[in-house]
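Whole structure, please, built from the sequences with the hints as guidance.
These protein sequences, in sequence, are chains L and S. My numbering applies: residue 296 is where the first sequence begins, and numbers increase by one. My numbering applies: residue 49 is where the second sequence begins, and numbers increase by one.
Be a bit skeptical, because a hint or two may be false.
A few chain L residues that face chain S, going by a derived Cβ cut-off under 10 Å, partial list only [stated by the list, open to error]:
#1 ILE352
#2 THR383
#3 PHE384
#4 PRO387
#5 HIS391
#6 LEU404
#7 ARG449
#8 VAL450
#9 VAL520
#10 ARG524
The hints are simulated quantities; they were obtained by calculation from the structure and are not laboratory data. Think of the CB as a built atom: it goes at the ideal place given N, C-alpha and C, for glycine as much as any other residue.
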Amino acid sequence: MSWTSDPILEVIGLTKRFGGLVAVNAVSLEVGRGTIVGLIGINGAGKTTLMNCINGIYKSDEGGVTLDGKDLTGRTPHEIALAGVGRTFQIPRTFHRLSLIDNLMIPMLRSKQSDDELIARAERGLERVNLYELRANHGEELSGGQEKLLELARVMMLNPALVLLDEPFAGVNPTLCRLMIEQILAMRSEGTSFLLVSHDLTSIYRLSDWIYVLNQGEIIAQGGVEAVRNDPAVVEAYLGG
Amino acid sequence: MNSVLLMNGLIGGLVFGAIYALIGAGLNVIMGVLRVVNFAHGEFILIGSFMAYAMLTMLGVNPLYALPVVAVVMYVGGMLAYYVLIPGLARSDDPETSSFLLMFGVSLMIISVLTWIFEADIRPVNFSFNPINVVLFSIPDAYGPNRDGVVLIPTARLVALGINIVIIAAMTWFLYMTLPGKALRGAIMNRDAIQIVGINVHRLSAAAFGLATGLAGITGVVLTLVIPSVDPNGGADLTLFGFIVIVLGGLGHPVGALAAGVLFGIVEQLSNVVLPQAAAQMVGFIVLVAVVMLKPEGLFGKRQSR
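As structure tokens, then:
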């Protein structure tokens, strides 16, 4: 039974095995257009593996993924990125020996715009995450939290329809965390949808329109914030029996 | 110490150092972007040398005119070779070790083919410039009162140095000033990140492989100007110099390799001037061991902190 009438992302019966271990087991979920969907679960539940299957880093063994009705199953990470799926990582993957401006220009390699236009776009991206003053610095000179903001700004450069955020608030100080949340909400108001993985349940409960709970590779609960917060299966999974 | 000999050593160091720099830069691009240990890089250089030799002896083409032809053919050939050789490595449990063995096999194959076509003899490349030598400057009273010394360089080596400087400058400009060059460096820094920003990593890797083999081809032609002979068995030494240069300069640091190549060349050639030959051969390697022990990330690399 679908919770949204207008899904941008549909994951259908997705399974990923590593040898004998079933990391993700027949997971189906949806992200509604312009919504933020939370994905929670304890360590090892399969959250990051699921994200890696959605954006093509892992090939799923069964099931499929569609974005706005287009089948993304079996496509490569760069094809999925160009199709409109952005991705950030728990440990940011920035280009640490390139300037912040260059970090944001790399995604626009295929763009037909002039260098001046690309630089202006990259500068606007950095302004949004308060990194403009550091635009000439290298990625390796940033703090962990600033790197996460840089990664988010880099994702924005491709104007994705959907962004997969993997632990965006982990290890980020409260000020940068607020800035991150502001940007996520601003992007949502501009039409971007999000699948958000986080251990920070406060942020998940605050931001999410719908929440899925993953445990041992399977969806054990889903619903709105209040329903999930009070679901006995969720309490059991998080706090143990 | 005779100042004429010292200056000749320094100039010789620049000439050879620029060649080592090109060898190291090509090897470093392949290792950085593809994580492939290219044990056949020296043999790719030999292909360039033998192409120049064949064009000179069979068609009478001046190596300077052969240079762009060799560069283009090697670039295209390298891109095609990438698609044949490299993607299959991803299915291995240990791609880097497999790449070493694969490219070692390729190096043996190239040696066999070159020996089959050109036979195992060392062959002279009969080409000279007019004038044969260029006088760079004179040093007054170098050999005593009123006995001036003359510092000269073979014209072919001067041309080789000039070509190398242009290629090194062009490569530095490409890697540091253009967006495709920055993307190539980005792939060295983080291969996953390149894919998730929408760049086809296979196409980029093929271009990197082509760039490196193109550089190897250019190095091969330039080498025939500096050492006018070709030898199907000379590739291993060239590969060794390439590895020395990337260890000195820092892995995944193409411009570091360029600087390290020049440094190694100057140390090696100056040692030949000031020390007995047997001792001189050791000096470059002593520098290498010292760098590995004191600064294992290379002279221009940065220590990984996370």
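To see whether the hints hold, each was checked on the structure:
| no. | hint | in the structure |
| --- | --- | --- |
| 1 | ILE352 | holds (7 Å) |
| 2 | THR383 | holds (9 Å) |
| 3 | PHE384 | holds (8 Å) |
| 4 | PRO387 | holds (9 Å) |
| 5 | HIS391 | holds (6 Å) |
| 6 | LEU404 | holds (5 Å) |
| 7 | ARG449 | holds (6 Å) |
| 8 | VAL450 | holds (8 Å) |
| 9 | VAL520 | violated (29 Å) |
| 10 | ARG524 | violated (32 Å) |
Violated hints for the displayed structure, listed by number in ascending order: 9 and 10.
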